[in-house]
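Using the sequences provided together with the hints, build the complete structure.
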Amino acid sequence: MRRHALLELEAEAIEVLREAAALCPRTALLFSGGKDSIVLAHLAIRAFAPAPMPFALLHIDTGHNFPEALTFRDEFARTYGLTLHVRTVQASIDAGRVQEEPGPHPSRNRLQSVTLRDAIAELALDAALGGARRDEEKARAKERFLSHRNAFSQWDPRQQRPELWRILNARKHHGEHFRIFPLSNWTELDVWEYIAWRQIDLPSLYFAHRRLVVPRGHVFLAVTPFTPPAPEESPREATVRFRTVGDATCTGAIASNAATVAEVIAELRASRLSERSTRADDQRSESAMEDRKREGYF
Amino acid sequence: MTHPHPTHPQPAPPQPTHPVDPRPLIRIATAGSVDDGKSTFLGRLLYEGNAILDDQWTAVQRASAATGEADVNLALLTDGLRAEREQKITIDVAYRHFATARRRYLLADTPGHAQYTRNMMTGASTAEVAILLVDAERGPTPQTRRHAFIVSLLRVPHVIIAVNKMDRVGYAEPAYDALVRQLRTDLARLEFADLRFIPISALVGDNVSRRSAAMPWYPGPSVLETLDSLEVETRRTPVELRFPVQLAVRPSADFRAYAGTVVSGQVSVGDPVRIQPGPRVTTVTEIWAGPDRIPTASVGEAVLLRLADDLDIARGDVIVRTGNPSPETDAFEGTVCVMHETGLAAGDAVQVQIGRQEVAGQITDIRYEINAETFHRADAARLPLNALARVAVRLSRPVALDRYEHNRDTGAFLLVDPVRHHGLAAGVVTHLRTDLPPADAVPTQSRPAPSRPAPVFWLTGLSGAGKSTLAESVATRLRSNGQQAGATGRSVVILDGDAVRRGVNRDLGYSAEARTENVRRIAEIARLLSDQGHIVLCSVISPLAAQRESAREIIGSAFHEIAIVCDLATLRQRDPKGLYARADRGEIAEFTGVSSPYEPPSNPDLTIDTSTENLSESIQKIWTWILAKL
Ligand SMILES: Nc1nc2c(ncn2[C@@H]2O[C@H](COP(=O)(O)OP(=O)(O)O)[C@@H](O)[C@H]2O)c(=O)[nH]1
Numbered sequence: 014m015r016r017h018a019l020l021e022l023e024a025e026a027i028e029v030l031r032e033a034a035a036l037c038p039r040t041a042l043l044f045s046g047g048k049d050s051i052v053l054a055h056l057a058i059r060a061f062a063p064a065p066m067p068f069a070l071l072h073i074d075t076g077h078n079f080p081e082a083l084t085f086r087d088e089f090a091r092t093y094g095l096t097l098h099v100r101t102v103q104a105s106i107d108a109g110r111v112q113e114e115p116g117p118h119p120s121r122n123r124l125q126s127v128t129l130r131d132a133i134a135e136l137a138l139d140a141a142l143g144g145a146r147r148d149e150e151k152a153r154a155k156e157r158f159l160s161h162r163n164a165f166s167q168w169d170p171r172q173q174r175p176e177l178w179r180i181l182n183a184r185k186h187h188g189e190h191f192r193i194f195p196l197s198n199w200t201e202l203d204v205w206e207y208i209a210w211r212q213i214d215l216p217s218l219y220f221a222h223r224r225l226v227v228p229r230g231h232v233f234l235a236v237t238p239f240t241p242p243a244p245e246e247s248p249r250e251a252t253v254r255f256r257t258v259g260d261a262t263c264t265g266a267i268a269s270n271a272a273t274v275a276e277v278i279a280e281l282r283a284s285r286l287s288e289r290s291t292r293a294d295d296q297r298s299e300s301a302m303e304d305r306k307r308e309g310y311f
Numbered sequence: 024m025t026h027p028h029p030t031h032p033q034p035a036p037p038q039p040t041h042p043v044d045p046r047p048l049i050r051i052a053t054a055g056s057v058d059d060g061k062s063t064f065l066g067r068l069l070y071e072g073n074a075i076l077d078d079q080w081t082a083v084q085r086a087s088a089a090t091g092e093a094d095v096n097l098a099l100l101t102d103g104l105r106a107e108r109e110q111k112i113t114i115d116v117a118y119r120h121f122a123t124a125r126r127r128y129l130l131a132d133t134p135g136h137a138q139y140t141r142n143m144m145t146g147a148s149t150a151e152v153a154i155l156l157v158d159a160e161r162g163p164t165p166q167t168r169r170h171a172f173i174v175s176l177l178r179v180p181h182v183i184i185a186v187n188k189m190d191r192v193g194y195a196e197p198a199y200d201a202l203v204r205q206l207r208t209d210l211a212r213l214e215f216a217d218l219r220f221i222p223i224s225a226l227v228g229d230n231v232s233r234r235s236a237a238m239p240w241y242p243g244p245s246v247l248e249t250l251d252s253l254e255v256e257t258r259r260t261p262v263e264l265r266f267p268v269q270l271a272v273r274p275s276a277d278f279r280a281y282a283g284t285v286v287s288g289q290v291s292v293g294d295p296v297r298i299q300p301g302p303r304v305t306t307v308t309e310i311w312a313g314p315d316r317i318p319t320a321s322v323g324e325a326v327l328l329r330l331a332d333d334l335d336i337a338r339g340d341v342i343v344r345t346g347n348p349s350p351e352t353d354a355f356e357g358t359v360c361v362m363h364e365t366g367l368a369a370g371d372a373v374q375v376q377i378g379r380q381e382v383a384g385q386i387t388d389i390r391y392e393i394n395a396e397t398f399h400r401a402d403a404a405r406l407p408l409n410a411l412a413r414v415a416v417r418l419s420r421p422v423a424l425d426r427y428e429h430n431r432d433t434g435a436f437l438l439v440d441p442v443r444h445h446g447l448a449a450g451v452v453t454h455l456r457t458d459l460p461p462a463d464a465v466p467t468q469s470r471p472a473p474s475r476p477a478p479v480f481w482l483t484g485l486s487g488a489g490k491s492t493l494a495e496s497v498a499t500r501l502r503s504n505g506q507q508a509g510a511t512g513r514s515v516v517i518l519d520g521d522a523v524r525r526g527v528n529r530d531l532g533y534s535a536e537a538r539t540e541n542v543r544r545i546a547e548i549a550r551l552l553s554d555q556g557h558i559v560l561c562s563v564i565s566p567l568a569a570q571r572e573s574a575r576e577i578i579g580s581a582f583h584e585i586a587i588v589c590d591l592a593t594l595r596q597r598d599p600k601g602l603y604a605r606a607d608r609g610e611i612a613e614f615t616g617v618s619s620p621y622e623p624p625s626n627p628d629l630t631i632d633t634s635t636e637n638l639s640e641s642i643q644k645i646w647t648w649i650l651a652k653l
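Read top to bottom, the protein sequences are chains A and B. Its first residue numbered 14, the first sequence is counted upward by one per residue in the working numbering. Its first residue numbered 24, the second sequence is counted upward by one per residue in the working numbering.
Incorrect hints may have been included.
[Stated by the list, open to error] Going by beta-carbon spacing under 7 Å, a handful of chain B positions derived as facing chain A:
no.: 1; residue: V43
no.: 2; residue: T284
no.: 3; residue: G323
no.: 4; residue: A372
no.: 5; residue: Q376
no.: 6; residue: R525
no.: 7; residue: N528
[Stated by the list, open to error] Within a straight-line C-alpha distance of at most 20 Å, the following computed EDC-like cross-link-like pairs (lysine to aspartate or glutamate) qualify:
no.: 8; chain 1: A; residue 1: K185; chain 2: B; residue 2: E381
no.: 9; chain 1: B; residue 1: K600; chain 2: B; residue 2: D521
no.: 10; chain 1: B; residue 1: K600; chain 2: B; residue 2: E584
no.: 11; chain 1: B; residue 1: K652; chain 2: B; residue 2: E495
no.: 12; chain 1: A; residue 1: K185; chain 2: B; residue 2: E584
no.: 13; chain 1: A; residue 1: K185; chain 2: B; residue 2: D440
no.: 14; chain 1: B; residue 1: K652; chain 2: B; residue 2: E540
no.: 15; chain 1: B; residue 1: K652; chain 2: B; residue 2: D554
no.: 16; chain 1: B; residue 1: K644; chain 2: B; residue 2: D628
[To be verified] Some chain B residues well away from chain A (every beta-carbon gap over 10 Å; in silico):
no.: 17; residue: R212
no.: 18; residue: D251
no.: 19; residue: A280
no.: 20; residue: V292
no.: 21; residue: P295
no.: 22; residue: P314
no.: 23; residue: T358
no.: 24; residue: A368
no.: 25; residue: D628
Bear in mind the hints are in silico, worked out from the structure with no lab data behind them. As the structure is a prediction and not an experimental result, all values here were calculated from the model. Glycine residues also receive a C-beta, built at the ideal position from the N, C-alpha and C atoms.
Dropping the structure here:
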């Protein structure tokens, strides 16, 4: 009997994680407390069990994170006995490495790549593992499992290395590093199906809950200290959930009653259909696109 | 240009079931010449295969409207690549998902031009199905043959040739039949395990997912129906166990396991296994899949294996069943596609990745370049980017590998630039150097002439230490006792440093460079002799560790280093040729040990000290040791 897709994707991700461990002695797993990085961390645990995984966790903290995600992050590291490095965008700002965007409620999404680059240099990393997927956007659709970065952390699409069969080429010069994406061939739905199948815990943000929000465009923005409502906006309580849990300044919530993993999966499946067959301008589809872009940002 | 808006209802996806969606994931590669309609075809496949999210759909509707098209242009759905082509930036492989009620598909979309042969290789390397598009009106192009060649070379198990634009030829059966006949003739020289033809119209939607009413003469299934019905339940992998070791996992002193994926066959607890290359054998005691211990792991499973014996197993070693090993060799031929502007030429040093093994090697010959459009062969000195060619590769040590036709994972390789680290070429193993079965697969009586290189014994030491004397006496004993000694059919050759310097190396002096070159030539000669089954005894001063290291690299695993040690006082006292006396008087410049450095081996395979042992003790010691190596 042919094995089902999740088994195949799981084995593929584990194989890539083991290549990372074998070829890149100093590798960290980028961990935000978001679902993709949680799934990736669980796969890394599986890949080396019963031995501990050989990667530390690294979180680039914009300082605008939801407290639920940060608590989850810290508990996860504690539960599994993992080293957690946190590097903050605030420290990069204080050190004059980057400048905060002007304006009242700046997003730090773009700044975090400098903090990440500095962390990679500081920790002398050979590789950073990320949960990005090829289904996120067109440019990502061409990424490799092993993405080579030069000494300036730059990605040169024309120097992408050929990846054929199962062969990965991790040779590099001093100062260069790799971004490694074991979930390349997964879809968003695969991530959720995997969470259901392997019974993986997620931060509560991913499930329907009551929250004070303001509508912004097609999504709801949570009211937080970093994202207070504009004077003309009137916050209201709504039942929402998040599809991603990145920086609060640019992570929208969607109206949803999905309170369990199974309900989220049902919602995702249904939204694909309705997005296609009903309104061309479905609000959720717009947010989906935005979500993917943000996720792919790293 | 009109594109009818696809309006027929979509099949509902299966309800979320727990524990898990049972559909398998099938990998597809597509290819076609420019304008054969590949983008339109893929757009329709993705649309009808339930893979287009509304945001993408909206974007395509908007783009279609912007160009004044009444209907939605399905080709735009996959036009990430086209945009690149127009902007003259990297063209690459793009991956897309779609699904039917039965299966999920991961599609590698590769561009059509000749200059993207390498991308086509990449997509096809993991594909189980290849779909090649041909324009019914225009007929096959040179690209069609190129793509078919690659798909055949990489042994993609299922190949579908979709004859597109049937609407342009009036859906006529004779036109289709003629085209299929022509394709069969064109491709007659290529091997396919499963080749099918399907007449379609991507634009109208005939035979893409739904069967066409316009072609009643075609009784077969649509492309999507064909995909859904292909035999993929049991993968077309050979039954032999191949488990390339990725790394050793050792959380504590009493737990050691080997991580890897079963790339073919299966492995169970209790199985007798061999670790290749080499003769190490042991038994599997535990198999771990994540936190669980399981009795058996089959093809595709990523597991940890624990073994009964504490063997020295490293990344790259391959675990196999004792009865079914891979051949081991340090030289093979393969068909490669050049992946980098650097190109490839005979003599190039390369880092060779096969399975999880990585070894230094060299392109020893370009046998011929292959024109993938005419299938003709031609001589070539240097292979440019995207060239296809048969090359000969030599490795610095033997590895375990299979011919690609036997195993798509252990018979495929990547050649990497050893200095700049980029991938130079990817290829498939077509011939092993001997193409003989491994020794233990053949009963002893019928064992053919030796297929492995004979050992090379490299005796290093100062002048007068006893290298030549010991080499001579070992050679004499081998010649007379060789039969019993297991050296059946092997002759013995001595390469004496002085003798070689008198002839072959007469042009070399005693500077460091000249000494290095002296050693290199002797090592190369030893290698040639050893390759042809001759046992070689080299008695060469070879004063520097680096020189002996290079000899070891040239000769590979056949190389054995024997240190012939003697202190200078004893040597000066012996001095049979009076050389030390002359050197001490300054009559000989750069005399090793006196006026030129000698670095004793730090970790020789054997040490013979002729200042503390008498000659017969030394001879006995070296003879016993060498016997054990034959
Ligand atoms: N009549 C007809 N035209 C087609 C069909 N498939 C594609 N085309 C047209 O052929 C041209 C090239 O198609 P496109 O999908 O862009 O080709 P690509 O270069 O292979 O991606 C476009 O004008 C398409 O509308 C078909 O089945 N029938």
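Evaluated hints:
1. V43: holds (5 Å)
2. T284: OK, holds: B:T284 within 7 Å of chain A, min 5 Å.
3. G323: With a minimum Cβ separation of about 6 Å from chain A (threshold 7 Å), the hint on B:G323 holds.
4. A372: violated (14 Å)
5. Q376: holds (5 Å)
6. R525: violated (43 Å)
7. N528: violated (36 Å)
8. A:K185 to B:E381: holds (14 Å)
9. B:K600 to B:D521: Since the Cα atoms of B:K600 and B:D521 sit roughly 13 Å apart, the hinted pair holds (cutoff 20 Å).
10. B:K600 to B:E584: violated (26 Å)
11. B:K652 to B:E495: At roughly 18 Å apart (the allowed maximum being 20 Å), B:E495 and B:K652 satisfy the hint.
12. A:K185 to B:E584: With Cα atoms ~32 Å apart, A:K185 and B:E584 exceed 20 Å; violated.
13. A:K185 to B:D440: Holds. A:K185 to B:D440 sits at ~11 Å (cutoff 20 Å).
14. B:K652 to B:E540: Violated, because 28 Å separates the two Cα atoms, which is more than 20 Å.
15. B:K652 to B:D554: holds (16 Å)
16. B:K644 to B:D628: holds (13 Å)
17. R212: holds (24 Å)
18. D251: holds (13 Å)
19. A280: Contrary to the label, B:A280 does not stay out of reach of chain A, its closest Cβ about 8 Å off (not over 10 Å).
20. V292: holds (16 Å)
21. P295: holds (24 Å)
22. P314: violated (5 Å)
23. T358: holds (13 Å)
24. A368: holds (19 Å)
25. D628: holds (29 Å)
The structure shown violates the earlier hints numbered 4, 6, 7, 10, 12, 14, 19 and 22.
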